[in-house]
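Undergrad: Sequence:
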Amino acid sequence: MAIELNHITKRFGETTALEDISVTFGENRIYGLLGRNGAGKTTLLGLITNRIFPTEGQVLVDGEPVRENDRALGRIFCMSEKDYYPDGMSIKDLFRWTRYFYPCFRQERAQALAKKFGLELKGKYKDLSTGYRSICKLILAMSSGADYLLFDEPVLGLDAHHRELFYRELLADYGDEPRTILLSTHLIDEVAGVVEQLVVLKKGRLQLDCPTDEALRMGYTVSGKAVDVDRYCQGRQVLGMEQIGGLKTASLYGERQEIPPELECSPLELQRLFVKLTGEETE
Numbered sequence: 218m219a220i221e222l223n224h225i226t227k228r229f230g231e232t233t234a235l236e237d238i239s240v241t242f243g244e245n246r247i248y249g250l251l252g253r254n255g256a257g258k259t260t261l262l263g264l265i266t267n268r269i270f271p272t273e274g275q276v277l278v279d280g281e282p283v284r285e286n287d288r289a290l291g292r293i294f295c296m297s298e299k300d301y302y303p304d305g306m307s308i309k310d311l312f313r314w315t316r317y318f319y320p321c322f323r324q325e326r327a328q329a330l331a332k333k334f335g336l337e338l339k340g341k342y343k344d345l346s347t348g349y350r351s352i353c354k355l356i357l358a359m360s361s362g363a364d365y366l367l368f369d370e371p372v373l374g375l376d377a378h379h380r381e382l383f384y385r386e387l388l389a390d391y392g393d394e395p396r397t398i399l400l401s402t403h404l405i406d407e408v409a410g411v412v413e414q415l416v417v418l419k420k421g422r423l424q425l426d427c428p429t430d431e432a433l434r435m436g437y438t439v440s441g442k443a444v445d446v447d448r449y450c451q452g453r454q455v456l457g458m459e460q461i462g463g464l465k466t467a468s469l470y471g472e473r474q475e476i477p478p479e480l481e482c483s484p485l486e487l488q489r490l491f492v493k494l495t496g497e498e499t500e
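Quick note on the working numbering: the sequence shown kicks off at 218 and runs consecutively.
Keep in mind that the hints were calculated from the coordinates and are not lab data. Don't take every hint at face value.
[To be verified] Restricting the straight-line Cα-Cα distance to at most 25 Å, the calculated cross-link-like pairs of lysine-lysine (BS3-like) are: (1) Lys299 / Lys309; (2) Lys309 / Lys339; (3) Lys333 / Lys419; (4) Lys333 / Lys299; (5) Lys332 / Lys309; (6) Lys420 / Lys442; (7) Lys343 / Lys309; (8) Lys420 / Lys299; (9) Lys442 / Lys465; (10) Lys341 / Lys299.
[Claimed, not checked] Pairwise CB distance ranges (calculated): (11) Gly274 / Glu431: 22 to 32 Å; (12) Thr233 / Asp406: 25 to 35 Å; (13) Gly243 / Glu381: 47 to 57 Å; (14) Glu472 / Pro395: 32 to 42 Å; (15) Cys450 / Gly274: 36 to 46 Å; (16) Val444 / Asp344: 58 to 68 Å; (17) Val444 / Asp406: 25 to 35 Å; (18) Asp300 / Gln324: 17 to 27 Å; (19) His224 / Cys482: 32 to 42 Å.
For glycine and all other residues, C-beta sits at the position ideal for the given N, C-alpha and C.
Modelling step: build the complete structure from the supplied sequences, incorporating the hints.
TA: Below, the structure is given as structure tokens:
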């Protein structure tokens, strides 16, 4: 079971949003889809869900073309930033109607999540705040029973408590019933401990596709007295530095070199790696 994008190119007029993308989202794995604004993340999700069509290439779900294929599309639930629900519909009716499109929809799970998030089922969707609209859509996705869950900026408008609750409940569901989950987000550090595989886009091209732990081995950080850190960093590719008083921490890109005893070494932050991979090239 997998979602496969084979040599996908998508153009909007003279603008190329995605160019020759080939990537597979395999079975029972949590993916992080990362990229700067305009990198093509939302376009990629739109192609997977048949909301837009590729200019070139093909999207397959479990070996079947996704285009105009209700059976393939029925295996996917995509939580989008956009609202596709009638404003006048109550939350309770949204839950009820979702079951018609997703027969494996777990009504009891949806009600339990609504209680945990403080979502009132009798209320109308149009009256919800931005944060609670996101919560409503998250609950529908997590309760859908779909084989593939796609999240486009899932925590938009959520406070810290609700963001933490979402990740915790998502991982709990994943532990009970593994499935393929794709998180497209700008909050890099928040998902660092959640995603197992990174797919990074840069200007419509595939920049990276590898396990998260493998990606983080592309760099490291060293910390200690400023003079010792500066000495170690000479001739190495530095991604960033932070200094408090006489202590300094440096993030470096490249294979970890022998660390002198006066310095402490730790893994590279995902945010630092993301900036390196998606930043502008300099001479």
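Undergrad: Between the beta carbons of Gly243 and Glu381, is the distance compatible with 47 to 57 Å?
TA: 27 Å, violated
Undergrad: Does the Cβ distance between Thr233 and Asp406 fall inside 25 to 35 Å?
TA: 30 Å, holds
Undergrad: Starting from Lys420, check that the Cα of Lys442 is at most 25 Å away, please.
TA: The given pair, whose Cα atoms are some 39 Å apart, is violated under the 25 Å limit.
Undergrad: Would you check the hint for Lys333 and Lys419, treating anything up to 25 Å between C-alpha atoms as holding?
TA: 37 Å, violated
Undergrad: Can the restraint linking Lys420 and Lys299 be considered satisfied, given a maximum Cα separation of 25 Å?
TA: Roughly 22 Å separates the two Cα atoms, so the pair holds.
Undergrad: At the C-beta level, are His224 and Cys482 separated by a distance inside 32 to 42 Å?
TA: Holds, since His224 and Cys482 (Cβ atoms, about 40 Å apart) stay within the stated range.
Undergrad: At the C-beta level, are Gly274 and Glu431 separated by a distance inside 22 to 32 Å?
TA: 26 Å, holds
Undergrad: May I ask you to test the hint 25 to 35 Å on the CB atoms belonging to Val444 and Asp406?
TA: Taking Cβ atoms as reference, Val444 and Asp406 lie about 29 Å apart, which means the hint holds.
Undergrad: Indicate whether the distance between the beta carbons of Val444 and Asp344 respects the range 58 to 68 Å.
TA: 59 Å, holds
Undergrad: Between Lys442 and Lys465, is the straight-line Cα distance small enough, at 25 Å or below?
TA: OK: Lys442 and Lys465 at ~6 Å, within 25 Å.
Undergrad: Lys343 and Lys309: Cα distance at most 25 Å?
TA: 13 Å, holds
Undergrad: Taking only the CA atoms, is the gap from Lys332 to Lys309 under or equal to 25 Å?
TA: Roughly 13 Å between the alpha carbons, so the hint for Lys332 and Lys309 holds.
Taken one by one, the earlier hints fail for this structure at numbers 3, 6, 13, listed in ascending order.
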